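Line order of the protein sequences matches chains A and B. Under my numbering, the first residue of the first sequence is numbered 594, with each subsequent residue one higher. Under my numbering, the first residue of the second sequence is numbered 6, with each subsequent residue one higher.
The set of hints was computed from the structure by calculation and includes no laboratory data. As the structure is a prediction and not an experimental result, all values here were calculated from the model. A hint or two may mislead.
Said to hold, decoys possible - Here are the simulated BS3-like cross-link-like pairs (lysine-lysine), alpha carbons at most 27 Å apart as the crow flies:
| hint | chain 1 | residue 1 | chain 2 | residue 2 |
| --- | --- | --- | --- | --- |
| 1 | B | Lys86 | B | Lys101 |
| 2 | B | Lys101 | A | Lys781 |
| 3 | B | Lys86 | B | Lys166 |
| 4 | B | Lys39 | B | Lys86 |
| 5 | B | Lys101 | B | Lys166 |
| 6 | B | Lys42 | B | Lys86 |
| 7 | B | Lys122 | B | Lys86 |
| 8 | A | Lys778 | B | Lys86 |
| 9 | B | Lys42 | B | Lys136 |
| 10 | B | Lys115 | B | Lys136 |
| 11 | B | Lys97 | A | Lys778 |
| 12 | B | Lys143 | B | Lys177 |
| 13 | A | Lys788 | A | Lys774 |
| 14 | B | Lys101 | B | Lys112 |
| 15 | B | Lys143 | B | Lys39 |
| 16 | A | Lys758 | B | Lys39 |
| 17 | A | Lys788 | B | Lys86 |
| 18 | A | Lys774 | B | Lys86 |
| 19 | B | Lys122 | B | Lys39 |
| 20 | B | Lys115 | A | Lys774 |
| 21 | B | Lys39 | B | Lys101 |
| 22 | B | Lys136 | B | Lys97 |
| 23 | B | Lys97 | B | Lys143 |
| 24 | B | Lys136 | A | Lys774 |
| 25 | A | Lys781 | B | Lys86 |
| 26 | A | Lys758 | B | Lys136 |
| 27 | B | Lys86 | B | Lys97 |
| 28 | A | Lys788 | B | Lys166 |
| 29 | A | Lys774 | B | Lys97 |
| 30 | B | Lys122 | A | Lys778 |
| 31 | B | Lys112 | A | Lys778 |
| 32 | B | Lys166 | A | Lys781 |
| 33 | A | Lys758 | B | Lys101 |
| 34 | B | Lys143 | A | Lys781 |
| 35 | A | Lys781 | A | Lys758 |
| 36 | A | Lys788 | A | Lys778 |
For reference, the chains in residue letters:
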Amino acid sequence: MNNNVLTTCYLISSSILLLSSIIHSLEFIFVKKALNRLIYFKEAESSESQIVNLYSSLSKNQFHIAIIVLSLIELFLLVNQPLSLLYKTLFLCITILHLYSYAKRKIGRDGADQLRLLAFLSFSLCFFSSNDLIKILPLYFIGFQLLILYGTSGLAKLFSSHWRKGNVLGDILMTNSYGSKSFAKYLKSNPTIEKAFTYSAIFSMLFVPISFFIPIPELFYISLLCMFLFHISTAVLMGLNDFLFTIPMAYPAIYYLYISFHYMF
Amino acid sequence: MMNDYIIITILSSFTVLSVVYQLKSKFNLKKIWKWDKYGIIPNYSFFAPLPLTNDFRIIYRITSNEDTKNNFEELSAYQYKNWYIFLFNPFKYYNKGLIDLCVSLMKEYKSLEEDSKNFIQVSSNYIGILKVITDGIKSHDINDEIEFSIVVTQDLFEDRKASVVFRSFRHKII
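Could you build all of it, start to finish, from the sequences and the hints given here?
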């Protein structure tokens with residue numbers, strides 16, 4: 594297999610991951626103090642696990658600024674000295690900081706947080722591999738995670754009687770939490786279009802793992818494009834921008850997994 | 006070479022665990038949850054099987070004595086969505102946290118036996134909500150007590166419905 598493809602996929606995945614880390618940490622800096630109490634309210638419980646309480650020695654903002662600065666340095670090193678000792682060391686530091694922040698934050702986590710953390714952990718773990726496996730293994734792992742993500746999400750909706758009714762999208766968008774009143778009203782006044790959007794969301798999610806096994810690359814690329822558009826729409830309508838910045842990190846990985854799979858057969 | 010085998014084993018095992026965990030049978034959750042203290046094994050069933058179609062609101066009031074009851078006030082949980090939320094949306098963490106707190110508390114309360122419902126007072130979710138509310142109280146009398154309720158609403162509908170899904174006990178403010 595072409596080593597350039599492997600390196601390119603690895604570099605793009607790593608870049609998007611670091612960018613996602615920067616935006617995530619930046620958002621936490623702007624979470625108000627009063628709101629922070631809600632997100633980290635189980636802080637006292639965490640002391641049972643005997644993790645050094647970094648939040649007592651660093652303020653919340655200093656903690657997240659550290660992640661941002663390290664991520665920016667990593668982006669620079671990714672271009673100039675990828676996989677150097679300094680790059681790996683700083684990457685491991687960022688991973689530890691993200692793991693600590695994730696473990697502390699008992700509520701308010703979602704699938705994008707989980708995928709980001711898994712990416713950091715797998716990339717870091719694979720630094721201890723030899724040669725090309727440093728790049729291949731994390732790409733395969735993240736690619737598989739993305740297949741599980743879309744497959745699970747699609748199947749969970751397919752087997753849900755609420756989603757099968759086809760009228761759930763308008764109800765979700767009618768909430769203050771994830772709502773867009775104007776679009777929700779439009780869907781509610783056009784039930785056929787609401788059904789079409791609901792079923793197309795389910796179909797698009799399932800289309801990714803299905804098209805993965807079909808040796809027609811164009812179909813697979815179209816499935817990923819559909820899901821990318823889906824993530825744009827959820828970011829715009831529902832404010833779920835984390836998915837837009839995190840999940841595309843896995844697209845180069847799943848692309849490499851796809852060509853490896855079909856190259857093998 | 007040995008490192009490669011160990012890493013491949015770890016990543017493969019985790020991948021298998023991830024698949025198994027998605028199957029969501031009670032057996033799987035109990036076995037896996039025991040050692041996954043930090044919730045690293047992912048849960049990818051977004052908005053399914055039961056999608057979120059309501060808003061949760063936490064309301065509270067301070068009572069000075071049996072006869073004096075102030076009006077309920079609401080814990081601020083929602084804000085106007087700016088045009089740039091698709092790029093930058095820090096508020097979503099608070100909003101999601103609130104939803105998780107309310108949902109967890111209601112699940113815990115539902116799982117308690119009828120004669121054990123008062124044990125909800127030692128739930129970390131219950132205490133967490135109390136802590137968040139009392140942290141925001143600027144001044145109070147030594148005899149003041151606080152109680153809260155969780156209200157589920159469908160705000161953006163024209164005929165907005167609201168129903169109380171949880172009522173707390175009364176507690177001294179500390």
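Evaluated hints:
{"no.": "1", "hint": "B/Lys86 - B/Lys101", "result": "holds, 15 Å"}
{"no.": "2", "hint": "B/Lys101 - A/Lys781", "result": "holds, 25 Å"}
{"no.": "3", "hint": "B/Lys86 - B/Lys166", "result": "holds, 22 Å"}
{"no.": "4", "hint": "B/Lys39 - B/Lys86", "result": "violated, 39 Å"}
{"no.": "5", "hint": "B/Lys101 - B/Lys166", "result": "holds, 21 Å"}
{"no.": "6", "hint": "B/Lys42 - B/Lys86", "result": "violated, 34 Å"}
{"no.": "7", "hint": "B/Lys122 - B/Lys86", "result": "violated, 38 Å"}
{"no.": "8", "hint": "A/Lys778 - B/Lys86", "result": "holds, 17 Å"}
{"no.": "9", "hint": "B/Lys42 - B/Lys136", "result": "holds, 23 Å"}
{"no.": "10", "hint": "B/Lys115 - B/Lys136", "result": "holds, 22 Å"}
{"no.": "11", "hint": "B/Lys97 - A/Lys778", "result": "holds, 22 Å"}
{"no.": "12", "hint": "B/Lys143 - B/Lys177", "result": "holds, 15 Å"}
{"no.": "13", "hint": "A/Lys788 - A/Lys774", "result": "holds, 18 Å"}
{"no.": "14", "hint": "B/Lys101 - B/Lys112", "result": "holds, 16 Å"}
{"no.": "15", "hint": "B/Lys143 - B/Lys39", "result": "violated, 40 Å"}
{"no.": "16", "hint": "A/Lys758 - B/Lys39", "result": "violated, 36 Å"}
{"no.": "17", "hint": "A/Lys788 - B/Lys86", "result": "holds, 26 Å"}
{"no.": "18", "hint": "A/Lys774 - B/Lys86", "result": "holds, 11 Å"}
{"no.": "19", "hint": "B/Lys122 - B/Lys39", "result": "holds, 25 Å"}
{"no.": "20", "hint": "B/Lys115 - A/Lys774", "result": "violated, 32 Å"}
{"no.": "21", "hint": "B/Lys39 - B/Lys101", "result": "holds, 24 Å"}
{"no.": "22", "hint": "B/Lys136 - B/Lys97", "result": "holds, 20 Å"}
{"no.": "23", "hint": "B/Lys97 - B/Lys143", "result": "holds, 26 Å"}
{"no.": "24", "hint": "B/Lys136 - A/Lys774", "result": "violated, 32 Å"}
{"no.": "25", "hint": "A/Lys781 - B/Lys86", "result": "holds, 21 Å"}
{"no.": "26", "hint": "A/Lys758 - B/Lys136", "result": "violated, 40 Å"}
{"no.": "27", "hint": "B/Lys86 - B/Lys97", "result": "holds, 10 Å"}
{"no.": "28", "hint": "A/Lys788 - B/Lys166", "result": "holds, 24 Å"}
{"no.": "29", "hint": "A/Lys774 - B/Lys97", "result": "holds, 17 Å"}
{"no.": "30", "hint": "B/Lys122 - A/Lys778", "result": "violated, 40 Å"}
{"no.": "31", "hint": "B/Lys112 - A/Lys778", "result": "violated, 31 Å"}
{"no.": "32", "hint": "B/Lys166 - A/Lys781", "result": "holds, 17 Å"}
{"no.": "33", "hint": "A/Lys758 - B/Lys101", "result": "holds, 26 Å"}
{"no.": "34", "hint": "B/Lys143 - A/Lys781", "result": "violated, 43 Å"}
{"no.": "35", "hint": "A/Lys781 - A/Lys758", "result": "holds, 13 Å"}
{"no.": "36", "hint": "A/Lys788 - A/Lys778", "result": "holds, 14 Å"}
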